[in-house]
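Student: If you want the building blocks of each chain, they are given just below.
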Amino acid sequence: DGGITQSPKYLFRKEGQNVTLSCEQNLNHDAMYWYRQDPGQGLRLIYYSQIVNDFQKGDIAEGYSVSREKKESFPLTVTSAQKNPTAFYLCASQSRLRDRAETQYFGPGTRLLVL
Amino acid sequence: RKEVEQDPGPFNVPEGATVAFNCTYSNSASQSFFWYRQDCRKEPKLLMSVYSSGNEDGRFTAQLNRASQYISLLIRDSKLSDSATYLCVAWSLYNQGGKLIFGQGTELSVKP
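Protein chains in written order, with our numbering: chain A, 1 to 115; chain B, 1 to 112.
Treat each hint with caution, since some may be false.
[To be verified] Here are the computed distance ranges between Cβ atoms for each label pair:
no., chain 1, residue 1, chain 2, residue 2, range
1, B, Glu5, A, Gln56, 37 to 47 Å
2, A, Ala81, B, Arg76, 46 to 56 Å
3, A, Thr20, B, Lys111, 26 to 36 Å
4, B, Asn12, A, Glu72, 39 to 49 Å
5, B, Glu56, A, Ser7, 31 to 41 Å
6, B, Asp77, A, Lys70, 20 to 30 Å
7, A, Thr79, B, Ser52, 17 to 27 Å
8, B, Cys40, A, Gly16, 25 to 35 Å
[Said to hold, decoys possible] In silico contact screen, one side only, chain B against chain A (beta carbon under 10 Å); selected entries:
no., residue
9, Gln38
10, Leu74
11, Trp91
12, Lys111
The hints are simulated quantities; they were obtained by calculation from the structure and are not laboratory data. Positions of the beta carbon are idealized from the N, C-alpha and C atoms, including for glycine.
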C-alpha cells in the first residue's frame, strides 16, 4: 500500500539527549514536511524539503535538524537545544510543491515525551 | 494576528443538527484552501478542497469568499462519527514553493 510511515509511535527523551524521528513515504512525492502540534493548537511547520539534498527552515526550526539524502526519507532530529520538545510530530508529503491542486498527506505521527 | 483563524469551539450539537464552522485568513495571496478532519490523537486527513467559490460533498459544503477572506464549512444532518477537530488550512506561495498554514482547529462533539 502507498503511504507515509512514521516511527516510533511513542518516543521518550532524556534531558540532554538527541533523538531522531523517522519518516518514510512510498508515494514518489517530491516535497516532505515536518510539523509539530501542541495540545489545542494548530500545526506549526518545522522544516520542509522540496527535493533530495535540499531543505528549508519553517517557522519553528530552532532545536531541530533534518536531512534528505533519499527521496523517500526525511528524518527529523530533536536536539538537546530544543527545550520544550514534548509534542505530537507529524510528517507529510506532497507531489509537487508549487501545484496548488495538490494537498498534503500525513503520516500517523510520533508522540515525543520528555522523561 | 494569526494568519488563519477559526471559531474557538468546542461545538456540542445533537445528532441530526446542522453546524457551521467559520475561518478567516489574513494573506490575500492565499490561493487554495482545505478543510482537514483530525480525530483525537490521530493525523489530519483531508476532508475537502476549496479552490473557487465553494465545494459540496454529500452532507458537507465548503464556501469561499475571497473579498471577505472567509471560508466556511457546513455539516448537515450531523452524525456521531462527525465528532472530531476540523482544521482550516490556507495554501500560499512561499520561498519559490508553497506552504500550508493551519488554523488552530475547531472541535465538534455530536451527541445522541
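Student: Against each hint, give a clear statement of whether it holds in the structure.
Tutor: Hints, verified against the model:
1. Glu5(B) x Gln56(A): 37 to 47 Å: Check failed, 25 Å falls outside 37 to 47 Å.
2. Ala81(A) x Arg76(B): 46 to 56 Å: Holds: the Cβ-Cβ distance is about 49 Å, inside 46 to 56 Å.
3. Thr20(A) x Lys111(B): 26 to 36 Å: Once the Cβ atoms are compared, 42 Å apart, the range 26 to 36 Å for Lys111(B) and Thr20(A) is violated.
4. Asn12(B) x Glu72(A): 39 to 49 Å: holds, 42 Å
5. Glu56(B) x Ser7(A): 31 to 41 Å: holds, 38 Å
6. Asp77(B) x Lys70(A): 20 to 30 Å: violated, 46 Å
7. Thr79(A) x Ser52(B): 17 to 27 Å: violated, 44 Å
8. Cys40(B) x Gly16(A): 25 to 35 Å: holds, 32 Å
9. Gln38: holds, 9 Å
10. Leu74: violated, 20 Å
11. Trp91: Holds: closest Cβ of chain A sits about 6 Å from Trp91(B), inside 10 Å.
12. Lys111: violated, 21 Å
Of the numbered hints stated above, those contradicted by the structure are hints 1, 3, 6, 7, 10 and 12, listed in ascending order.
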